[in-house]
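Visitor: Each chain, letter by letter, is given below.
There are 2 protein chains.
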Amino acid sequence: MDNKLRRSADGIDKGYVVGVDLGGTNLRLALADGHGEVLARWSTRTVGIKAPDEIVKLISAGVDGLAAQTGLGRHDLLAVGVGAPGVTNAETGVVIATSYLMGWRDVPLRALLESALGLPVSVDNDVNVAALGESRTGLARDIRDFVFLAIGSGVGAGIVLNGRIFQGAGWTAGEIGYMLLPGLPEEAIERGRPGALEGFVGGEGIRARWKSLWDETKTTLPMDITATEIFDHASAGETLADAVLYDSARTLAYAIYNMALILNCPLFVLGGGVGMHPALCARTRKILEARGTRAVPKLVISALGEEAQLIGAIRLAMDTAIAHGAVRL
Amino acid sequence: MDNKLRRSADGIDKGYVVGVDLGGTNLRLALADGHGEVLARWSTRTVGIKAPDEIVKLISAGVDGLAAQTGLGRHDLLAVGVGAPGVTNAETGVVIATSYLMGWRDVPLRALLESALGLPVSVDNDVNVAALGESRTGLARDIRDFVFLAIGSGVGAGIVLNGRIFQGAGWTAGEIGYMLLPGLPEEAIERGRPGALEGFVGGEGIRARWKSLWDETKTTLPMDITATEIFDHASAGETLADAVLYDSARTLAYAIYNMALILNCPLFVLGGGVGMHPALCARTRKILEARGTRAVPKLVISALGEEAQLIGAIRLAMDTAIAHGAVRL
Chain E
1 MDNKLRRSAD GIDKGYVVGV DLGGTNLRLA LADGHGEVLA RWSTRTVGIK
51 APDEIVKLIS AGVDGLAAQT GLGRHDLLAV GVGAPGVTNA ETGVVIATSY
101 LMGWRDVPLR ALLESALGLP VSVDNDVNVA ALGESRTGLA RDIRDFVFLA
151 IGSGVGAGIV LNGRIFQGAG WTAGEIGYML LPGLPEEAIE RGRPGALEGF
201 VGGEGIRARW KSLWDETKTT LPMDITATEI FDHASAGETL ADAVLYDSAR
251 TLAYAIYNMA LILNCPLFVL GGGVGMHPAL CARTRKILEA RGTRAVPKLV
301 ISALGEEAQL IGAIRLAMDT AIAHGAVRL
Chain R
1 MDNKLRRSAD GIDKGYVVGV DLGGTNLRLA LADGHGEVLA RWSTRTVGIK
51 APDEIVKLIS AGVDGLAAQT GLGRHDLLAV GVGAPGVTNA ETGVVIATSY
101 LMGWRDVPLR ALLESALGLP VSVDNDVNVA ALGESRTGLA RDIRDFVFLA
151 IGSGVGAGIV LNGRIFQGAG WTAGEIGYML LPGLPEEAIE RGRPGALEGF
201 VGGEGIRARW KSLWDETKTT LPMDITATEI FDHASAGETL ADAVLYDSAR
251 TLAYAIYNMA LILNCPLFVL GGGVGMHPAL CARTRKILEA RGTRAVPKLV
301 ISALGEEAQL IGAIRLAMDT AIAHGAVRL
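Chains as they are written, first to last, in the UniProt record's numbering: chain E, 1 to 329; chain R, 1 to 329.
Some hints here could point you the wrong way.
[As the list claims (entries may be wrong)] Sample of chain E residues lacking proximity to chain R, with all beta carbon distances greater than 12 Å (derived):
| hint | residue |
| --- | --- |
| 1 | 33 |
| 2 | 38 |
| 3 | 70 |
| 4 | 170 |
| 5 | 184 |
| 6 | 215 |
[Stated by the list, open to error] Which bits of chain E does chain R cover? Going by a derived footprint, with three or more residues having C-beta under 8 Å, they are:
| hint | segment |
| --- | --- |
| 7 | 173-179 |
| 8 | 257-268 |
[To be verified] Footprint (simulated), chain E over chain R, 3 or more residues, beta carbon under 8 Å:
| hint | segment |
| --- | --- |
| 9 | 172-182 |
| 10 | 252-266 |
Simulated from the structure, these hints should not be mistaken for laboratory data.
Note that the Cβ used here is the ideal one computed from N, Cα and C, for glycine as well.
Take these sequences, add in the hints, and give me the full structure.
Guide: Below you can see the structure in the form of structure tokens.
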């Protein structure tokens, strides 16, 4: 089967869009032209800000800030696309649940923003939005089936099947943090707590594992270092760090292997601050290839990097503009 | 999200179709009217018959036999749908690979049959065809996302997403026999050999496990019994049989749990001679429900049973007839 899509549309004929990357720490906006070219950026901190109407005010301020920077008015804007940090009904734009940081439950973010901005808005889960970015402008461009793995403090997957984000019946497809794998504890985990897989593959889990294994007779490194620092030291040959990297890579390789079997998916794109570490990718690839009697998926590090979500949000806005009558180029 | 589809079309306006269930042991055909109602059946043994042209001759003889039974001619037939026991390119109708029993590699079954029968033919993998049957007339009728699990001597999954069979980039989506799970050996397995999961969940594997655990001090049952016999004895309280059932159910529950996480899929339909055993379903459901802090999928035994593939093949033929100009009711 040909796993390439026909070339995606390159943009819209006129007008501008805004992409919004909403996180528990930062809010980032970008204004782009009809080709998705970024013309201006705006950002602010969101630490401690939980109320949906406060977030809506910040986004409105950001849209006005972008308009001011570019000399555009709101009437030049066609649509807004938002990546939200939680389970999201992409049809209605309701954020069903976010992590404890924001604590949202059933927040009608699309309706709130459309009312505040007077513009068409689309909202989807941030990992899905990043996957959209990868499928339109990244290394997965025009690839029909692939998985984007966002590995930061936790782990999530954005699944693209037949060229479209696959959302699942309850909008939680790709919530792989709870996947059961050899070497992971089998106990059921309370809702809202990180899954066992995240204990080995997520940044917070890796940091905690390092702490639990740390012993001054085993390493000269400090007890409190980050996942990426651990991977740096592993690359430099530090024994304990290398053991932690190996466990992370093995667990990640097994998760990818299972997804590749079920979905028969030929490409996995690694994103997020932890996921993009070259040592993790190289080691994971080696473990996957050692299973090589069956088709092993290709593993690449995202070329969009920290921009994947913002770029995806711009693409979501472009799709929304087209759905509202803008002409596809 | 509403996980129901709008009601499927109920059939085609006139004419008849033939469904073909091709296996390594039996070849079964059925002739149905435009509503999918079976009017006649024909079957023969295929043990030892490997050559594609011999299979094509048998299918042709079956079609003629069905026509004779019903007093119809070939001109009354609109299309033929075939479920083939191997990886199949459903677009071209080429059977890419079957198990060692038939040993097929890249057999253009659709082209061979169209040439022999002078009728439009579609060919797909037998588990996918059974899933199609379940989605049109079984317990998954009109359910948008579900997984059909065929558990006989081996294990395979037919995945229906957004109301359509999901095939995967290389036509092998749902080949879950190699899934990595807690309690299963991690070693890579040679291509063509059964996966570790099948050692616990497939009929042959369960039988072999019973033999390896059997000891006359532990059980009064014979050493050589089938998987369903083991499950019968487990239901009756036999200790060793119950231990074997538990291991099968646990492995199956974990496989379903992982698929449900990745696909966010709310329904799993158990089919196949081993998969339809009520004790396996009940125990698997119990293990799944014990993980109950997250959404647990519904688990049901196929109502179509051994007919799933043949009924699916009839539905595939009806779709093919519509694609070739028959009018949908």
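Visitor: Would you mind marking each hint as holding or not holding in the structure?
Guide: Going through the hints against the structure:
Here residue 33(E) stays apart from chain R, with its beta-carbon at least about 32 Å from theirs, past the 12 Å limit. Once the 12 Å rule is applied to beta carbons, residue 38(E) is consistent with being away from chain R; the minimum gap is 32 Å. Interface exclusion of residue 70(E) from chain R stands, the closest Cβ pair being 37 Å apart, more than 12 Å. At the 12 Å boundary, the C-beta of residue 170(E) falls inside the reach of chain R, the nearest C-beta of that chain being 5 Å off.
Chain R draws residue 184(E) into its interface by the beta-carbon criterion, the shortest separation being 6 Å against a cut-off of 12 Å. The claim that residue 215(E) lies off the interface holds: its Cβ sits roughly 27 Å from the closest Cβ of chain R, which is beyond the 12 Å cut-off. Coverage of a stretch by a chain is defined here by at least three residues with a beta carbon nearer than 8 Å to that chain's beta carbons; for the segment 173-179 of chain E and chain R the count is 6, and the condition holds. Only residues whose C-beta sits within less than 8 Å of a C-beta in chain R count toward coverage, and the segment 257-268 of chain E has 9 of them, enough to reach three; the restraint holds.
Counting residues of the segment 172-182 of chain R whose beta-carbon sits less than 8 Å from any beta-carbon of chain E gives 10, enough to reach three: the coverage restraint holds. Closer than 8 Å: that is the beta-carbon criterion, and the segment 252-266 of chain R has 10 residues meeting it against chain E, so the requirement of 3 holds.
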